[in-house]
Amino acid sequence: MKLSARNQMKGTVINVEKGLITARVSIKVEAPVTITAVITKEAAEELNLKVGDRVQAIIKATEVIIAK
Amino acid sequence: MVPKTKIWLELDGKSLLGKGGAELLESIDREGSLTQAAKNLNISYRYAWGYLKKIENRIGRPVVETFKGGTEGGGGMKLTPMGKYLLRKYNRFESFVRHALENSELWEACGFSIPDKNRLSGKIVKVEMDDATAFVQIELKKPFTLTSIITTNSTEDLEIEKGSMVEVFIKSTEVMVDKQEQATFNDKGGNQK
Numbered sequence: 001m002k003l004s005a006r007n008q009m010k011g012t013v014i015n016v017e018k019g020l021i022t023a024r025v026s027i028k029v030e031a032p033v034t035i036t037a038v039i040t041k042e043a044a045e046e047l048n049l050k051v052g053d054r055v056q057a058i059i060k061a062t063e064v065i066i067a068k
Numbered sequence: 069m070v071p072k073t074k075i076w077l078e079l080d081g082k083s084l085l086g087k088g089g090a091e092l093l094e095s096i097d098r099e100g101s102l103t104q105a106a107k108n109l110n111i112s113y114r115y116a117w118g119y120l121k122k123i124e125n126r127i128g129r130p131v132v133e134t135f136k137g138g139t140e141g142g143g144g145m146k147l148t149p150m151g152k153y154l155l156r157k158y159n160r161f162e163s164f165v166r167h168a169l170e171n172s173e174l175w176e177a178c179g180f181s182i183p184d185k186n187r188l189s190g191k192i193v194k195v196e197m198d199d200a201t202a203f204v205q206i207e208l209k210k211p212f213t214l215t216s217i218i219t220t221n222s223t224e225d226l227e228i229e230k231g232s233m234v235e236v237f238i239k240s241t242e243v244m245v246d247k248q249e250q251a252t253f254n255d256k257g258g259n260q261k
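From first to last, the protein sequence lines stand for chains R and Z. The numbering of the first sequence is the numbering used here, which starts it at 1 and goes up by one. The numbering of the second sequence is the numbering used here, which starts it at 69 and goes up by one.
Bound-form chain R, shown alone (with noise of 0.2 Å):
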């Protein structure tokens, strides 16, 4: 199976915690890796970012999908 998402890791699980209907998964995910996100240029442009800045990437934990 392929994927269009561009970010794609593995990992180990290390805990779950089910709900009756959702579950909170985390995933230990061994590094380096190189994330990318698509951001509005605008968005770029007023956070000044470029090359050697030291950022966070946000991920509602929502957003997260995990194949096996």
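For the record, the hints were derived by calculation from the structure and aren't laboratory data. Among these hints, one or two may not hold up.
Said to hold, decoys possible - Simulated DEER-style distance windows between Cβ atoms: (1) Lys41(R) - Phe161(Z): 42 to 48 Å; (2) Phe164(Z) - Lys41(R): 34 to 40 Å; (3) Thr40(R) - Thr219(Z): 26 to 32 Å; (4) Glu196(Z) - Thr62(R): 26 to 32 Å; (5) Lys18(R) - Lys82(Z): 22 to 28 Å; (6) Leu3(R) - Glu78(Z): 20 to 26 Å.
Unchecked claim - Under the rule of at most 30 Å between Cα atoms (straight-line distance), these lysine-lysine pairs were calculated in the DSSO-like manner: (7) Lys18(R) - Lys152(Z); (8) Lys2(R) - Lys191(Z); (9) Lys18(R) - Lys239(Z); (10) Lys87(Z) - Lys74(Z); (11) Lys60(R) - Lys72(Z); (12) Lys194(Z) - Lys2(R); (13) Lys136(Z) - Lys146(Z); (14) Lys60(R) - Lys87(Z); (15) Lys209(Z) - Lys247(Z); (16) Lys18(R) - Lys72(Z); (17) Lys28(R) - Lys72(Z); (18) Lys209(Z) - Lys239(Z); (19) Lys18(R) - Lys87(Z).
As the list claims (entries may be wrong) - Some but not every residue of chain Z turned toward chain R, in silico, with C-beta under 10 Å: (20) Glu78; (21) Asp80; (22) Val195; (23) Glu207; (24) Lys210; (25) Ile217; (26) Met233; (27) Phe237.
From the three backbone atoms N, C-alpha and C, an ideal C-beta is built for every residue, glycine too.
Could you slot chain Z onto chain R? The hints should help.
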């Protein structure tokens, strides 16, 4: 620091059904057997039985009933209409609260950022821009832990448990970039300038 919520149903000021009770009813409903339901939840049959009796005493009506026979013989257990009603009420309330909890605007309105966010520190290694969008590549040098919220059904379909080797996918349009110092607290008050 992470804000947390718990939900339960009360009757006359006394706890009637919480997360554990709802899981027990749900499991009985699915399995048709108290033995199997208790096993699924890693609790003893005795404890599960006591739990059901406690709910029944509070509400004054049975929430489960046993039946004889069935395809494998030996009988089993199922929810009464009252049991189903309670479970439905709990699930509706749980879903209502969960939707509120997933709404980052509501969190922000009371001064918190949504707790289920992954914040990964790294260094930009590439920036490319066209007319409207910017591609930003961030190198993460240290191992990190990602939190994923998926349906409980999916964890069961995929047999995801501690130690499972998995692959993680994230659409790059779902990755936000922040240049602030990493927040120590989710409480915005903790890192205001």
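Checklist entry - Quick check: which numbered hints come out false for this structure? => result 6, 20, 21
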